[in-house]
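A.B. asks: If you want the building blocks of each chain, they are given just below.
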Amino acid sequence: MTALLDVSNLSVRFPVMEQGIFRRQVSEMTAVNKVSFSLPQGGNLGIVGESGSGKTTLVRAILRALDPSEGAAIFQSQHGAVDLCQLNQDQLKPLRKEMQMIFQDPFASLNPRMKVGEIVAEPLVIHEPESADSHRERVIDMLERVGLDRDAVSRFPHAFSGGQRQRIGIARALILNPALVVCDEAVSALDVSVQAQVLNLLKDLQQDMNLTYLFVAHDLNVVRYFCDETLVMYQGGIVESGPVDKLFEHPVHDYTKLLLSAIPSIDPDQKLTPLDRSTLGLD
Amino acid sequence: MTNRNLVSIHDLHVTFDSELGTTEALKGIDLDIKHGRTTAIVGESGSGKSITALAMMRLIQRPGRVTSGQILFTPAGKETIDVLQIPDNSDELFDLRGGKMAMIFQEPMTALSPVHTIGDQVTEAILTHRQVTKAEAFARACEMLKRVGINDAEQRMNQYPFEFSGGMRQRVVIAMALVCDPELLICDEPTTALDVTIQAEILALIRELKSALDTSVLFITHDLAVVAQLADDVVVMHRGRVLEVGTVRQILKRPIHPYTQALLAAIPTPATTGRLDTVAELLTEENLLPYPLVTIKDDQKVALPIDQIPEALRL
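Residue numbers (this note's numbering), protein chains in the order written: chain A, 2 to 284; chain B, 7 to 321.
Extracted from the complex, chain B is given alone in its bound form (with noise of 0.2 Å):
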C-alpha cells in the first residue's frame, strides 16, 4: 500500500529563547504524514511532539519560533504548499487552521468556553470556516453532535460543557474539529484525562470516524498500549529528534534503536515480575548521539550509525 505523503516535514528546527540562552525543542526533524493513515507520535514529555504538531497548525509563538525546516501540506486535489510560507493573519491561514487540519487536546475542559452553550461554540466552528446560514450551521453541528454518539443532541446543544461529563465533553470538542471535514485531524493526548473505559470508546470513535470521513490522523500520545491500538505509522521521538521511524508492527513488535527498545521494557505486563527496567538503566548516552536517520528495509527508519543495525535489515 502506497499512499501519498499529506504531511512532509524535512528539517524543522524550533527554538525557544530565554534568558538563560536559547533552547532548541525541535533539533531537525524530518517526518511524513501518509494520506489516510493514523501515524502516531511517542515521546517522553520534552521530546518535542507537541511542538511538531504546534508547528503544523502555525501555532508556535513567542518566545518560541521556528528558524527553519520546511513543512509541505498537500490538500486533496490542489498543489503542496509549505505551511511556514504562508503570511500571518491571512485568509489562507485562516482556512488552515480548523478548515484543513484541526486539533483536539487532552483536556476538553479548558477547551471548551464554559459561558457558551456546546450547540454555539460547534455552530461557531462551522460559520467561522463555511459560508452558510446560521440554521444550516446549527443543523450540521447537530447532526455532528449525533454521529459522535451523544444522544438527544437537540436537546443538548442548549447545555453548557459543565453539564457534559469528561468522556462527553471530549466527543464534543471531536465533533468541533471534525464539523469542517479537516484532511488531518491532530489528537494531542486525547485520552490521558479519561478513565480508561472512556479511553476505550473515544479510541473506538476516533477509528470509526476516520475511516467513515476519510481523514488522515495524526497522533500525539505517551501511551505506547494507544499507540498499538490505532496507529498505522508511528514516529518515535527524544529529546528534539527523531529516532525511530516504522510501521506499528515494525516499532512495537521489532524495535530496532535502544531507546525504543528501553520505552518498551519500562511498562509494566502481566508478565512483568521483580524489578521494572528503566529507560535510564538501559540506556547510555552514546544510544542517544545525534546519529541521522537512515532508511533500512521496509521503509523503515532509525537514528543509529549502520553498524548497530542488524544486518540482515540493512539495505
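Okay, chain A solo, but in the shape it has when bound (with noise of 0.2 Å):
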C-alpha cells in the first residue's frame, strides 16, 4: 500500500508576545514539535494525547488552516505528488476537495441561518460550480448515504439531533469524495448509542468511498475499536506509535501508560489505579 500522506519533521511554533503596547515576540512556544508519521491509503490513524498535548494544532496544520514552521507533509493527490507545506493558499484550493475535515460539535460547525441542503452543496458550489445542476440531486444521495431522509435539504440545523447533525457534518464533507478526511473529536460530543451508529456509519462509508481516516480522539476505547494504528501525542512530540493492539497490549512509553491506566472499566470489580504523574519521571 502507498501511503497517501506521509509526514516528516512537521513542527508548528507559535509567537509569544510582550504584554504592553508594542507586542515585541519575546520567544516562541512549541506546539507541534517534529513529528513524523506515514498514513497508508485506506488506513485509520488514530491520534490520541490530552487537551494540549498538539493533536488539534497537529491537523490544522497538514489541512494547512494553519502554516507550519518546518517540515513536509507530502500527499498523494490526483494529480500526484505534492508537499502541503510548501503550496500557497491558491495552489492548495484545488486540492482542498480531496482532504475534508468533520469537527467535534455538531452545534457549533453548521450554520444556523442555512438550510441543511445549502449546507451540504456549499463545497460543490465553490469547487464544482459549473455542474450546478446536478448539485441537488448529488445532495439528496449523499443525506441518504449518511442515513437522513430527503426531505432533511429544507430543513434548518435547529430541527436535528445532535447525532443527526454529525452525519449532516459527514455529508458536507463527504460530498467532493474527498481521499483523506480528517475527524477532529467527531464522536466526542455524542452519546454511547449515538456513537455507535455514527461509528458504524464511518466504517461503511470508509468502504464504499475507499476512505483514509485521520482520527483525532481522546476516547482511548473508541480509538482502538475504530482504528489501526496510533500515535500518542505529549507535549507537541510523539512518544510513541504503533498498532493499537500492540500499543494498547504493551505500552513501551510511560506517557502511554499513564493514559492507558486512567481508562475506567465498565466491570464494577476492576477498579481505577492510575499511575501517579509525578512517578513517571515525565517533565
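Please keep in mind that the hints were generated in silico from the structure rather than gathered at the bench. Check before you lean on any hint, since a few could be wrong.
[What the hints assert, rightly or not] Here are the simulated PhoX-like cross-link-like pairs (lysine-lysine), alpha carbons at most 25 Å apart as the crow flies:
#, chain 1, residue 1, chain 2, residue 2
1, B, Lys40, B, Lys84
2, B, Lys259, A, Lys272
3, A, Lys272, B, Lys40
4, A, Lys272, B, Lys216
5, A, Lys204, A, Lys98
6, A, Lys204, A, Lys247
7, B, Lys40, B, Lys303
8, A, Lys98, A, Lys116
9, B, Lys259, B, Lys303
Bring the two chains, given one by one in their own frames, into a single complex with the hints.
C.D. replies: Here's what the structure looks like:
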C-alpha cells in the first residue's frame, strides 16, 4: 500500500508576544515538535493525547488551516504527489476537495441560518460550480447515504438531534469524494448509543468511498476499536506509535502507560488504579 | 447493609410548556437515594436525568414546572420534609440549596465567575450559609482548597479562574460545594469535559471526600464506565422514565431491561470487533412501553411486564 500522506519533521511554533503596547515577539512556543508519520491509503490512524498535547494543531497544520514552521507533508493527490507545506492558499484550493474535515461540535459547526441542503451543497458550489444542475441530486443522494431523509434539505439544523447533525457534517465533508478525511473528535460530543451509529456509518462509508481517516480522539477505547494504528502525543511530540492492539497491550512509553491506566473499566470489580504522574519522570 | 433513604422521590412529573404544546420531561419517576451511598442516574441526553437533579434543588424554571409528585428529604436528626412544599424565596429554601444539598456542574469555567478571585468565591459560599466572620470563612475556604488537592492554597486564593487548568477549576467547584458540609452532593456530569487522566483524579477525589466527609452523592452521567468506578446504586432513565434500578453489579453485570442491555452493548471495549451494536437496532418500541416499575429479587427494580422477567429473579 502506498502512503496517502507522509508527514516528516513537521513543527508548528507560535510567537509569544510581550505584554504592553509594542507587542514585540519575545519567544516562541512549540505546539507541535518534529512530528513524522505515514498514513497508508485506506488506513485509519488515530491520534491520542491530553488536551494541549498538540493533536488538533497537528491536523490543522497538515490541512494548512494554519501554517507549519518547518517540515513536509507529502500528499498523494489525483495529480501526483505534492508537499502541502510548500503550497500557497491558491495552489491549495484545488487540493481541498481531496482533504476534508469532520468537526467535534455538531452544534457549532453548522450555520444555523442555512438550510441543510445549502450546507451540504456549499463545497460543491465552491469547487464544482460548473455542474450546478446536478448539485441538488448529489446532495439528496449524499444525505440518504448518511442515513437522513431527503426532506432534510429544506430544514434548518436546529430541527435535528446531535447525532443527525453529525451526519449532516459528515455529508458535507464527503460530498466532494475526498481521499483523506480528518475527524477531529467527531464522536466525542455524542451519547454512547448515537456514537455507535456514527462509528458504524464512518466504517461503512470508508468501504464504499475508499476513504482514509485521520482520527483525533481522547476516548482511547473508541480509538482502539476504530483505528489500525495510533500515535500518542505528549507536549507536541509523538512519544509512541504502533498498531493499536500492540500499543494497548504492551505500551512502552511511560506516558502511554499513564493514559491507559486512567481508562475506567466498565466492570465494577476492576477498580481504577491510575499511575501517579509525578513518579513517572515525565517533565 | 440497609441504609435509610436520604431522598425519596415519588411519582415526580415535570412538564415544559411551549407554543407547540406541553412536553413531559419527567413522566412520573420514583427513586431513592440512600444515606452514605453514591447513587448514579444514567441515561442519554433527553432522558430527564439533569431535570431530576434540578427539581431536587428546586431549580426548575419557567417554562418548566413540577406538576405533581413528592421529593422527600430527610437530613440527619431532622424531620422529613417535602422539598416541593418549601415556599419560594424562604430561608428554608435558601438553606437547602448550597447548605443541605450542593451541586457541581459539567463545565467548571461557567460555574465560576471570571471576575472574582477563587478565594472570594469559596468564601462567599461559606458566608452565605454560615454565621462566621470573614476571617473564619477565609481560613475555612483555604483549608477546603487544600483538602481537594490544591497546592499553595493561600496564594492561589488570590488568583482568578483563568489562572487554573480545567481539572483544578473542577477541584475549586468541588471545594465550593463541600465547604458547607452538605448532606447530599449532586454531581451533574462533572468529568465529561475533562481529559481521561484528570477524570481519574477527580473520580478518586470525589470517592475519598465522600467517605471522609460522610456525604451522600448523586452522580449524573451518561458514561457507564464512570458509573462502574464510582456508584453503589444505579438508576437507568430513558425518555423521562426510570427503567431499571439496582446495585452497580446488578445493573452492569446482570442487566434485565433490554434498554440497559443495549446501552452496554453499544460501548466499544477492547474485545469489540466488527460492527458495534446500536441501541436502535437492539430495541423495539414494545421494549419501551411505559410499564410500571416492579420490585424483583435482591431489591432490584425493573419496568417490564412480569412475563419478560426471568423466572429465577421474580419474587
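A.B. asks: Now, for every hint given, state plainly whether the structure supports it.
C.D. replies: Going through the hints against the structure:
Proximity of lysine 40/B to lysine 84/B is assessed by CA-CA distance (about 16 Å); at most 25 Å being required, the pair is judged to hold. About 15 Å separates the Cα atoms of lysine 259/B and lysine 272/A, which keeps this hinted pair within 25 Å; it holds. For the proposed pair lysine 272/A and lysine 40/B, the alpha carbon gap of about 22 Å is at most 25 Å, so the pair holds. Restraint check for lysine 272/A and lysine 216/B: satisfied, since their Cα atoms lie roughly 17 Å apart, inside the 25 Å limit.
Using a Cα cut-off of 25 Å, the hinted pair lysine 204/A and lysine 98/A holds, with the two alpha carbons roughly 20 Å apart. With a CA separation close to 22 Å, the supplied pair lysine 204/A and lysine 247/A stays within the 25 Å bound. Note on lysine 40/B and lysine 303/B: the hinted pairing holds, with a Cα-Cα distance of about 18 Å set against a maximum of 25 Å. Under the criterion of a C-alpha separation no larger than 25 Å, the hint pairing lysine 98/A with lysine 116/A is consistent with the structure, at around 21 Å.
For the suggested pair lysine 259/B and lysine 303/B, the alpha carbons sit about 15 Å apart, so the restraint of at most 25 Å is met.
Checked against the numbered hints given earlier, this structure breaks none of them.
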